[in-house]
Amino acid sequence: MASISATMAPAERQRRLELRELLNAKYLFIDRTWDAVFWITAIFVVAGAADITKLLFAGDWDFWTDWKDPQWWPVVTAFATIIIPSALQWIQWVAWRFPTGATYTCVCLFLATWIGRYFQWHIAETYPMNFVWPISTVPAAIILDWLLMRTRSFVVTSLFGGPIWAIMVWSFNYIPLAPFLQPVQFMHHILTVSDVQGIAYIRSQTPEYLRHIERGALRSFLGETQYVSLLFGGTLAMLGYWIGQAIGRFLAVWPIGRYIKTI
Amino acid sequence: METTRGRAEAAAERGPTDWHSAWRALFWSCAILLAINLFLWIWDYTFAFTVGLNSASHSFTLHYRTLFWGELLSVGIFAGLWYGWLVRTGMPLDRDDIPPAEEVRRIAMLWSIIGATSLSIYIEASFWPNWDGAWHQTMVRDTALTPTHIPMFYFFFPLSVVLALGAYIYGRHRIPAVYAPEKGFPWSFFLLISAAVLEFVQVAFNEWGHSLWLSEEFFSVPFHWPFVAYGWLASGMFAVWGETILRLFQIEKSARGVEEMPVEHTAAAGR
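Quick note, the sequences are listed as chains A and B, same order. According to the numbering used here, the first sequence is numbered sequentially starting from 1. According to the numbering used here, the second sequence is numbered sequentially starting from 1.
Isolated chain A (complex conformation):
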């Protein structure tokens, strides 16, 4: 704890004395159990909200290695995965000055997606985990929280954090994806390992005409379309950040102590 010296400004000294008294107060009814119950039970609703947002906005790209293309994947994933972390950033920063909202959310999401993916996709449906592994947003979340801590500004965090989020999510998950992008010769065609996985594991309800992957060309960028996608993903992530802020501000914190008087 910061020391309290006689040379401090009176206002600062008073504030630190009050905080020390608060920390050392002996409460009659409140103990650490409340903190534990709050943060542990919140894991479930946060994980559920984050996972359903990712599943229904960008789930198809997250389910399969052959869907992780350079065109759609960087765009939709950045948008879908920043929303709930942003909401928790607001809640935790405003209430407790914790720069941990995004990391907390993404750790909860990581646990939820791996439980779902392992038990529901691998055990129940027998898909191999190396075909249906989910992405991790934890490293990007740490950086987003660090940004908030350093800037203490949600506006600056969104302006810089959005593009950084898109780049970090793609970069950190490109590492496990890279082995599946190796070229193979399959039935006289050059494909990637992930394409062969997609052919080998029959998915009757997601036929080829349905798959939103690798449409168009944009060969003027020498085929490196992911950098353009990352730019769009970054701007969409800024939008997603403020959707998350609206959730945190108006759905989580604003209703505290407010009542509907008339219909």
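Just so you know, the hints here were simulated from the structure itself, not pulled from any lab data. What you are looking at is a predicted structure, and each value in this text was computed from that prediction instead of being measured. A hint or two may mislead.
What the hints assert, rightly or not - For the chain B half of the interface with chain A, some residues (derived, Cβ under 10 Å), not all of them:
#1 Arg24
#2 Trp28
#3 Ala116
#4 Thr117
#5 Ile121
#6 Ala125
#7 Met139
#8 Thr143
#9 Tyr154
#10 Gly184
#11 Pro186
#12 Phe189
#13 His224
#14 Gly231
#15 Leu233
#16 Val240
Unchecked claim - Derived PhoX-like pairs (lysine-lysine); straight-line CA-CA distance at most 25 Å:
#17 Lys183(B) x Lys261(A)
#18 Lys26(A) x Lys253(B)
#19 Lys183(B) x Lys253(B)
Note that CB positions come from ideal geometry on N, CA and C, so glycine has one too.
Knowing the structure of chain A, use the given hints to seat chain B on it.
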């Protein structure tokens, strides 16, 4: 579940936040939820591929339509019994002179119900949708009552409604300082209950969309997006925690006879 003041006073040796007081309701309710979830998962694991592919077969009727009706009936019976008991035992309670320890215990009990609701929301929003995606992106559906829809849409979706509404009924009768009907309907519970109800209503829209627009399972299709938006409304749960935390500090203040309480740490910074 201890609810009356008499029983609470009889157990006065236990603190309001001790294990035997209110938190055990949290652990037991979550344990029961997880046990039911495990049962349904094992049921699907055992029967989904063997009898779940042809909804016109007798074995499908035997294993899945009975499960469907059993789930709806059990949730309905649970809701009726629980709500009836909450109201019958809650209405006679004295609202004016609640001992601080008893009120703290009731807030802990409310948090236990909210914790069970949180777990139910996770199971409905993450655990089962994963199998729903895996199943429906693999199998061609021939009915809306598929092996993965039945546990998800027709047990945990209505159960979340029941738990959220039950939490409000508990607070309305037992924590009048925060949830007395004279104050109006709390926005926190309005959002939380709306989230659960609208999610259940969205089930119908989802199946209509799969019938009319897209029978394939593209998870990111627009008629799935209301599931997400309605799920965001469950953020009202944080407001329930926030306003009960503020009440805890008020109780502490009145119990200690302290004139001023520092408020920097409270959750109302947004106001």
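Status of the hints after comparison with the structure:
At a threshold of 10 Å, the smallest CB-CB gap from Arg24(B) to chain A is about 12 Å, leaving the interface hint violated. The interface hint given for Trp28(B) is violated, since its Cβ lies 14 Å from the closest Cβ of chain A, which is over the 10 Å cut-off. Checking Ala116(B) against chain A by beta carbon gives a least distance of about 9 Å; that is within 10 Å, so the hint holds. Interface restraint check: Thr117(B) against chain A, minimum CB-CB distance 8 Å, threshold 10 Å, status holds.
Taken as an interface hint, Ile121(B) checks out: its beta carbon lies about 5 Å from the nearest beta carbon of chain A, inside 10 Å. Taken as an interface hint, Ala125(B) checks out: its beta carbon lies about 4 Å from the nearest beta carbon of chain A, inside 10 Å. Because the beta carbon of Met139(B) sits about 7 Å from the nearest beta carbon in chain A, less than 10 Å, this interface hint is met. Violation of the interface hint for Thr143(B) is found here, the shortest Cβ-Cβ separation to chain A being roughly 14 Å, above the 10 Å cut-off.
The closest approach between the C-beta of Tyr154(B) and any C-beta of chain A is roughly 18 Å, which is over the 10 Å cut-off, so the hint fails. Interface hint status for Gly184(B): upheld, as the beta-carbon distance to the closest one in chain A is roughly 3 Å, under 10 Å. Residue-level restraint check for Pro186(B) holds (minimum Cβ-Cβ distance to chain A is 5 Å; threshold 10 Å). Of the supplied interface hints, the one on Phe189(B) holds, with its beta-carbon coming within about 9 Å of a beta-carbon of chain A, less than 10 Å.
Checking His224(B) against chain A by beta carbon gives a least distance of about 4 Å; that is within 10 Å, so the hint holds. A distance limit of 10 Å between C-beta atoms decides the matter here; for Gly231(B) the minimum to chain A is near 5 Å, and the interface restraint holds. Hint status for Leu233(B) relative to chain A: holds, with the closest Cβ pair at about 6 Å, below 10 Å. A distance limit of 10 Å between C-beta atoms decides the matter here; for Val240(B) the minimum to chain A is near 9 Å, and the interface restraint holds.
Pair hint Lys183(B) plus Lys261(A) holds up; C-alpha atoms about 7 Å apart against a cutoff of 25 Å. With a C-alpha separation of about 12 Å, the suggested pairing of Lys26(A) with Lys253(B) holds against the 25 Å cut-off. Between Lys183(B) and Lys253(B), the direct Cα distance comes to roughly 22 Å. Compliance with the 25 Å bound is thereby established for this hinted pair.
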